[in-house]
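Enquirer: Fit chain F with the ligands to the supplied structure of chain V, relying on the hints for placement.
Here's the letter readout for the chains.
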Amino acid sequence: MKQEDPGSIRSHLQSKTLRPTVFWRVAEDIPPRLRTVFNVTSIALPLFLWWLATTFGQFDPKFLPSPAQVLTAFGQLLQSGALLKDTVASVWRVGVGFLGATLLSIPIGVYGCSFASIRALLEPLFGFIRYMPAPAFIPLLILYLGIEEEPKILLIVIGVFFFNVLMAMDTVKFVPKDLIESTFMLGGNRLATLLQVIFPYVLPGLIDACRINLAAAWQLVIVAELIAATEGLGRHISVAGRFLRTDEIFVYLIIIGVIGMTLDLSLQYLMRVSCRWADQKR
Amino acid sequence: MYLQMVGLNKHFETKNGPLVVLKDIDMNIKQGEFICAVGASGSGKSTLLRQIAGLDAPTAGEVRIDGQTVTGPGPDRGMVFQHYTLYPWMSVQKNTEFGLKLQGVPKKIRREQANYYLNVVGLTPFAKALPKQLSGGMKQRVAIARALASEPKVLLMDEPFGSLDVHTKEAMHEFMLELWQRTQITVFMITHDVEEAVFLANRIYALGSRPGTVRKEMAIDLPNRSTAVKRHSRFHDYRDELMDLMRQHGREALAV
Ligand SMILES: Nc1ncnc2c1ncn2[C@@H]1O[C@H](COP(=O)(O)OP(=O)(O)O)[C@@H](O)[C@H]1O
Ligand SMILES: [Mg+2]
Chain V
1 MKQEDPGSIR
11 SHLQSKTLRP
21 TVFWRVAEDI
31 PPRLRTVFNV
41 TSIALPLFLW
51 WLATTFGQFD
61 PKFLPSPAQV
71 LTAFGQLLQS
81 GALLKDTVAS
91 VWRVGVGFLG
101 ATLLSIPIGV
111 YGCSFASIRA
121 LLEPLFGFIR
131 YMPAPAFIPL
141 LILYLGIEEE
151 PKILLIVIGV
161 FFFNVLMAMD
171 TVKFVPKDLI
181 ESTFMLGGNR
191 LATLLQVIFP
201 YVLPGLIDAC
211 RINLAAAWQL
221 VIVAELIAAT
231 EGLGRHISVA
241 GRFLRTDEIF
251 VYLIIIGVIG
261 MTLDLSLQYL
271 MRVSCRWADQ
281 KR
Chain F
1 MYLQMVGLNK
11 HFETKNGPLV
21 VLKDIDMNIK
31 QGEFICAVGA
41 SGSGKSTLLR
51 QIAGLDAPTA
61 GEVRIDGQTV
71 TGPGPDRGMV
81 FQHYTLYPWM
91 SVQKNTEFGL
101 KLQGVPKKIR
111 REQANYYLNV
121 VGLTPFAKAL
131 PKQLSGGMKQ
141 RVAIARALAS
151 EPKVLLMDEP
161 FGSLDVHTKE
171 AMHEFMLELW
181 QRTQITVFMI
191 THDVEEAVFL
201 ANRIYALGSR
211 PGTVRKEMAI
221 DLPNRSTAVK
231 RHSRFHDYRD
241 ELMDLMRQHG
251 REALAV
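The listed protein sequences derive, respectively, from chains V and F. Using the working numbering, you'd call the opening residue of the first sequence number 1 and step up by one each time. Using the working numbering, you'd call the opening residue of the second sequence number 1 and step up by one each time.
The shape of chain F in the complex, shown without the other chains:
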């Protein structure tokens, strides 16, 4: 599996003329990578992810998966949104199965598959609960299980932990790494949180704002992935470099 963005451009028509949100984005992502795209608010991160998801069509350029151009949304790309998108009337179990149901998987098989992924995200005891009975972190874990149940080629995540408190967020980071190692899934995640990106990703794309472009590509090489690594000097180097880059972008954006 590989995911490519080739000369991706996205403009929006506004009252004051076209707004260039993405400009000449080129990315290459290989099977099994954990990629984070980091950028400030309004740098076009969500827009970029929507092009990959096929929820929106690029103005120019294209997104390819295994060489095939993306033309619309589909279950070969699992998506986890920033806001909670569980179906409030379905139990956790039904939510997890729902993608398989939509794709015509027989009941028995989809139940087994859902149970497997509910176990992976550690929510088997909550299978019968309704989403409103879950905490924010649990909701996002269900959303991840739901996306994974269709065994997608890539898991797309739009600031999935943005609305969680610091401790839940940290727990979710460790959970994500464990999940990634266990399922060997390719992850493309966007975030504005630099530490989150450095901790999770094996490669980072730093995006500049207005228009959104790739300012820097950075491979992350850290000895071991656990919370302790956050005290490692190399972790700080990566973080500081990205922070400086984003600070600089912020100033430029203000100066305009």
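Next up, chain V with everything else stripped away, as it sits in the complex:
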């Protein structure tokens, strides 16, 4: 018993009460108005700094074009139709490759993983292939399939498929055992349990996995086009680089970002609409 000196430990404690804060809040939301302000700042501030640098700094436009120059280049590319053609080419490749990979990987991931036997068969192989970066397959793909559309689409399929399968498997691992056993007790057979319980339960996780892998697909298409293509966003960047059209490079980079973000936001929207039950907030 430390009865003699009750204050002893207290004299060593550097006790501090948590002070209230707005900016440094942890695991708490900031006021909505403030959030909007920050969100706008997040885009507007870099834009402003860019403008400031090109207006008052002595930069060669070949090195750093001004926002106005980029906007002009954007207008020209839009008018010539080059931008549209390249965008369609890239989006088409991503669309086909990603959709194909998703349609293959989700059933294999979800239904495969539900059975421990199939999981044991697939997991080692896929876990191994996953660590081979998809761009490293490009020489092989060109060797096997030439330089047309097929190798580019297949590259995306490779890059998305293995990750998607493994991520789908992970979502299935977290389905509570009680939920599956309740279904058996209610008279459900294995197939009904798969289709009507496991699948709906993992759907939000699957959409999340798709979001992450869509970003990967979007990167892969650009990489593929940098190497061999006649059209596409990535292709145009590499050509513009050769002719020192920095303004066009900027236009294409921004377009790539905008399209990627739009795809991401649409998947987020899909998630909110189809999986209201999984929403963390009430």
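Everything labelled a hint here was simulated from the structure, so no lab data went into it. Here a beta-carbon is modelled for each residue, glycine too, at the ideal position from N, C-alpha and C. Hints may contain errors.
What the hints assert, rightly or not - To give an idea of the interface, some chain F residues facing chain V are shown, with a C-beta separation under 10 Å as derived from the structure:
| no. | residue |
| --- | --- |
| 1 | Tyr2 |
| 2 | Arg50 |
| 3 | Tyr84 |
| 4 | Leu100 |
| 5 | Lys107 |
| 6 | Ala147 |
| 7 | His232 |
Unchecked claim - Partial pick of chain V residues on the chain F-facing surface, computed with a CB cut under 10 Å:
| no. | residue |
| --- | --- |
| 8 | Ser80 |
| 9 | Ala192 |
| 10 | Gln196 |
| 11 | Val197 |
| 12 | Tyr201 |
| 13 | Leu203 |
| 14 | Tyr269 |
| 15 | Arg272 |
| 16 | Cys275 |
| 17 | Asp279 |
Expert: Chain F with the ligands only, in chain V's frame:
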């Protein structure tokens, strides 16, 4: 209907050799009984219930329902788990119907049946709500309605009120008794809560730990079942006897 456990044994293989969880369990339960199996944590209660449910196979012995050996899970035994097991994406109504849907009951009939049992558990106003909008007690009532909708021969419950606060628990006890009297359903419930068991059951099996065995079987005879009965001297006698028994088990378990 009768439910029998005959020479039930369950071992688990572990790194340190086999772990005997259930040893020579014999029980006989008749139609319409409300049975509670009471035991300390880790005495093998959940394991016992899983054998009855058919979610796990006994190492030796068997479980019989109407003389038929249980070989797997099925809707003739309604199960309510300790943790909430409602389907979070389905409304209360859809949750209640789901067992019937799995068994191919036409939509109109299963809707009627679900509505009936939602009314029995007093949740008709919440038919359209999602599980996350319900309180813990309401969730368990939906789980009960869902299990009852298939009109099972026996309702199995694994510490169904374990995570509820005292007042909700008390309300659920009264609800359970009312339900039992109204539907004449056979209930086999496991719990570590002695008062809960004495209040609800008409017969109690007290389980000892490591390995889980039936230490005592006790018929409960109380004048009337309402919260007032908890002040009755016989209620205290039953409770104290069981508490002493479990205390003794606890000491033995610690001494090992
Ligand atoms: N699948 C299993 N494998 C190994 N040991 C288990 C398994 N299930 C339960 N046990 C052990 O059996 C004992 C009883 O568990 P359980 O039936 O859950 O007890 P209770 O429900 O009474 O708390 C515990 O010691 C637990 O560790
Ligand atoms: Mg338990």
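Enquirer: Against each hint, give a clear statement of whether it holds in the structure.
Expert: Checked hints:
1. Tyr2: Since chain V brings no Cβ nearer than about 20 Å to Tyr2 (chain F), farther than 10 Å, the hint is violated.
2. Arg50: 9 Å, holds
3. Tyr84: 8 Å, holds
4. Leu100: 8 Å, holds
5. Lys107: 15 Å, violated
6. Ala147: 8 Å, holds
7. His232: Violated, about 36 Å.
8. Ser80: 49 Å, violated
9. Ala192: Nearest chain F Cβ about 6 Å off; hint holds.
10. Gln196: 8 Å, holds
11. Val197: Because about 7 Å separates Val197 (chain V) from the closest Cβ in chain F, which is inside the 10 Å limit, the hint holds.
12. Tyr201: 7 Å, holds
13. Leu203: 8 Å, holds
14. Tyr269: 18 Å, violated
15. Arg272: Result: violated, 14 Å to nearest chain F Cβ.
16. Cys275: 7 Å, holds
17. Asp279: 9 Å, holds
Hint check: violations occur at hints 1, 5, 7, 8, 14 and 15; the rest are consistent with the structure.
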